[in-house]
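Line order of the protein sequences matches chains A and B.
Letter 310 of the first sequence, counting from 1, is numbered 309 in numbering that gives the first Met the number 0, and no numbers are missing.
Letter 43 of the second sequence, counting from 1, is numbered 42 in numbering that gives the first Met the number 0, and no numbers are missing.
Source of the hints: derived by calculation from the structure; they are not laboratory data.
Some clues are possibly wrong.
Computed beta-carbon distance windows for the label pairs [as the list claims (entries may be wrong)]: (1) B/E192 - A/C57: 51 to 61 Å; (2) A/D93 - B/R122: 40 to 50 Å; (3) A/F189 - B/D91: 51 to 61 Å; (4) A/S51 - B/I240: 48 to 58 Å; (5) B/R57 - A/Y188: 56 to 66 Å; (6) A/P209 - B/I240: 49 to 59 Å.
Each residue gets a CB set at the ideal place from its N, CA and C atoms; glycine is no exception.
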Amino acid sequence: MQQQFLKNNISLKDKIGALDFKLVFLILLLGIISFFTMYSTEQGKLGYYTQSHIYRFCIFFVIFFICAFLKLQFWHKFTNLFYFLVIILLLAVDFFGIAASGSTRWINLFVFNLQPSELMKVALIIFLAKYYNKISIDEVSRVKSMVIPSFALFLPVALVISQPDLGTALLIMIGGLAVVWLAGLKLKYFMFSFVTFMCSMPVVIAFLKPYQKLRILTFLNPERDPLGAGYQIIQSKIAVGSGGIFGKGFLKGSQSYLDYLPEKHTDFIFTLFSEEFGFIGCIFLLLIYMLILYRITKIGQKSKSNFAKLYCFGFAVAFFTYVVINMSMVLGLLPIVGAPLPIMSYGGSSMLSMMIGLGIVMSCNIHNEDRL
Amino acid sequence: MLSFSKTFHNKSRLISRRMFILSTLKITVFAIIISRLFYLQISENIKYRSLSDKNRLREWKISPERGVIKDYFGAKIANNKQTYQLLMIPEDVPNLEEFFFKLSKIINFDNRERRILLKKLKRRKPWESIVVSDNLSWSEFSRLNLFAHEIQGIKPAVAISREYSDDESSSHILGYVSDVSAKDLKNNNYLKEINVPGLKTGKNGLEKSLNEKIIGKPGVQRFEVNAYGKRIKELKLIEGISGRDFKTTIDQEIQKFSGKLIADKSASVCVMDIYTGDIVVSVSSPTFDPNKFVHGISHEDWEKLINNNKKPLINKTIAGLYPPGSTIKPIVALSALENDVISPKLVVKCTGSIDFYGETFHCWKKKGHGFMSLRNAIKQSCDVYFYEVARRLGIDRLSVTAKKFGLGKLALNFFNEEKKGVVPDTKWKLEKIGKGWYLGETLISGIGQGYFQSTPLQLCFMMAQLANGGYEIKPRIIDDRYALQPMVDAWREEFASRRNNLELPNPRLKKLYRNQENIKLVLDALYGATNEPMGTSYRSRHVKAKYIYAGKTGTSQVRRITLEERKKDLKTQDVPYEQRDHALFTAFAPYKNPRYAISIVVEHGGAGSSGAAPIAKKIIKKVLDRHQLRKKYQLDLFKEA
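For reference, chain A alone in the conformation it holds in the complex:
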């Protein structure tokens, strides 16, 4: 007990010493790669996007450390508050939101525009991790203990879909479901809900916006409308494919340089990267993401509390999903859903939520010995 007490109040110096430096290094490396890629989207000028991307990364990297040094007990204690705060923000979007290109996703926080749905990605995972930490294995599959998680999952998803932002809603849901499954919910429930979901698809499709339907159709056959909706996928594939083994070289990606790439700062940043750095570069980038995932999983495995375990594993699955969905999308394996590539893509809220998420993972590493 004495030992635990001491460990509860470890000094800042010890905390720094307890950092997972490999993970810190990987995040920093990814950040630096993202600077250069962003620099390339602006044709080699230190323009607005590059500058603000660098500023944000620096600020959020500090936030990452703050999150990491906060005690795990703090996170455990304020999880519900965090979750409900984000829910309130999501509701606020409906009333005071800022609309852009047909959907309302942001609220003006004066300093910058926040996209609460991005924060929900982390908030939901940690909320569910806390919930399942409390209940025992046997209780997990009981109907009684399925009520709260179901609400916790579907409320934000419904709010985000209504913005409408199908991509983010999907990502939030996948992260949440990952935690639910990790916590021990039997597979048959997933099967059951999957069947229910498929049966409800026709109804869902009827409620989809025309542009969302178009995206699905376009994904199925991009050549259907090469100058319209299929344009993005075709141009993206051309950019990636023309990169070859070694790429066209830094600042020499003609597809992006000549504006053929859509949204090259955000969702299609990987396209630009693979055009300029080729197959080798892509493998290198994938390796960084894999190592980050490995570090997160490792921290989760070492964690002594189930809360930390559930959170780390859940976040790993979510992080993996973001990476994979973004890449599959730009490589033409999935329809364009609007999912940013973690840390690489331009976008404050997305980077903030990733940094907070990683910070909590790091907090799990530092405060592993703490009692909740």
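Following the hints, complete the assembly by docking chain B onto the known chain A.
For chain B alone, coordinates are given in the frame of chain A:
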């Protein structure tokens, strides 16, 4: 506590186990992404690289420079000049109304041009430049350059365009160039390939006939463009190849001289080298200014040309059809002689008219010529004599000879607008009109009336083939030495055999006669017609030995003369213009050692002897004066002749 610890560990193990399953799944998905990257970037790399280049590169064509057309002595009759153009790039113009307003302050830009431009704008992509005006004056151009920064989206440029010599005498031969129309594109594949904005194409005359060779090959500018089609940088420039230059057989100096002589008339002149078939002069009057077409003719100018009843746009030399009238008589006589229908000694009494099956056929001389021999009949152009000759000859035999000597078929077969004319025979009438031939029609055919239709070029061609001794030649207007060489060799042989007095048949020249004596007889009679008293063109003769020529007048009726009119015997001036006779004259010169044939047609010019022969006299003198000069430029063809 123990059970709690146990469940805690169970839970922990479950979570870890499930995480392990998920990790396996993650690795699988990463493998799928890597294989997808491999497929796109390595397997399909070539395909996507070429697609990327197709995206990136765009080519612009540069207008080629048209070849120059020169006269026989190398004077440029269709030349190129620098013009000042104004281009606009539609996407750079923020406000069209303001743009037009500003433009109209600086250059001459009226509503019509504005309409045309708006029409063009609809068809073009916003980044493709459009020619607003391609014929700016220097002062407009310099003003534009001065104000260029004040008007967004304009680009003053220097270009090359067609310029024709301003004396206009060669307008009909040259034709003109103008903007490419949709029809031009449809009919000519090479135009589709060139397809440069602002390209001019030949619409008429030589410009049209030579178009494919003279137009040149366009250059190419390869640019890197962005997704919006905007040029980023030039990667490659392939210079265009300018079109081939062409030398014609025309003597621009005589052309100009002739043009002035007939300027106020509706007339045409054609002069041909009787050995080489070179067309030395081909003038049609009234003429027009082809320069007006180059940059788009104005509505008023066009209306003026179209409504002029003297038809300035028609090249009368090759496209004007006239009854040959008495100018056909040498052929009628020759045909009769060659077919042994008459002997030169045949005498017919002319009383001014003959009756034939109840119809009266008149001679132009009311009182009649009295007793006429063949030579006299040609010399004085006695109609009654030729009625008799034609009656004996028949239309079909006459038609064979006429066709042989160049009537009724395309003489040059080089111009789109060239007309074939008509040499009637019984079969022709049955096919075209569906009626049998009347004997009366044979009689009037004997004096070149009735169905006969010929162009001045054909008449000149006919005279040339008579004057060279009855050999076939091929008229030409483009001077190509290599093509001419066999012809020159053939003639050289012919002259060598003439000098040696060997009557050896020359296989390389095609004879049009059966007995050359017949041709000599006809030519001698033509000498009489010009150089002996009573001859029809006696008053237009040359006295100086050097210029002496022989020719045949012709007066062709535009309509049938009624009996009352014949009684009144109206003077040409008293008849309304449209009803006056056409005046014709064909000749060859000099009489000794002939070299040139000439034909003149003056529409509604009255009698050939007074309306056409005097003009011919002047032109013949000019042609012969310039012969030595022309000879210098020629292959040493007739040194011995």
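Against the structure, the hints come out as follows:
Between B/E192 and A/C57 the C-beta distance comes to about 59 Å, which sits within the given range of 51 to 61 Å. Distance hint check for A/D93 and B/R122: the Cβ-Cβ separation is about 48 Å, which falls inside the suggested range of 40 to 50 Å. Take A/F189 and B/D91: their Cβ atoms lie about 59 Å apart, and the range 51 to 61 Å holds. For A/S51 and B/I240, the hinted distance range of 48 to 58 Å is satisfied, since their beta carbons lie about 54 Å from each other.
At about 58 Å, the beta-carbon gap between B/R57 and A/Y188 stays in the expected band of 56 to 66 Å. In this structure the hint that A/P209 and B/I240 lie 49 to 59 Å apart at CB holds, the actual value being about 53 Å.
Checked against the numbered hints given earlier, this structure breaks none of them.
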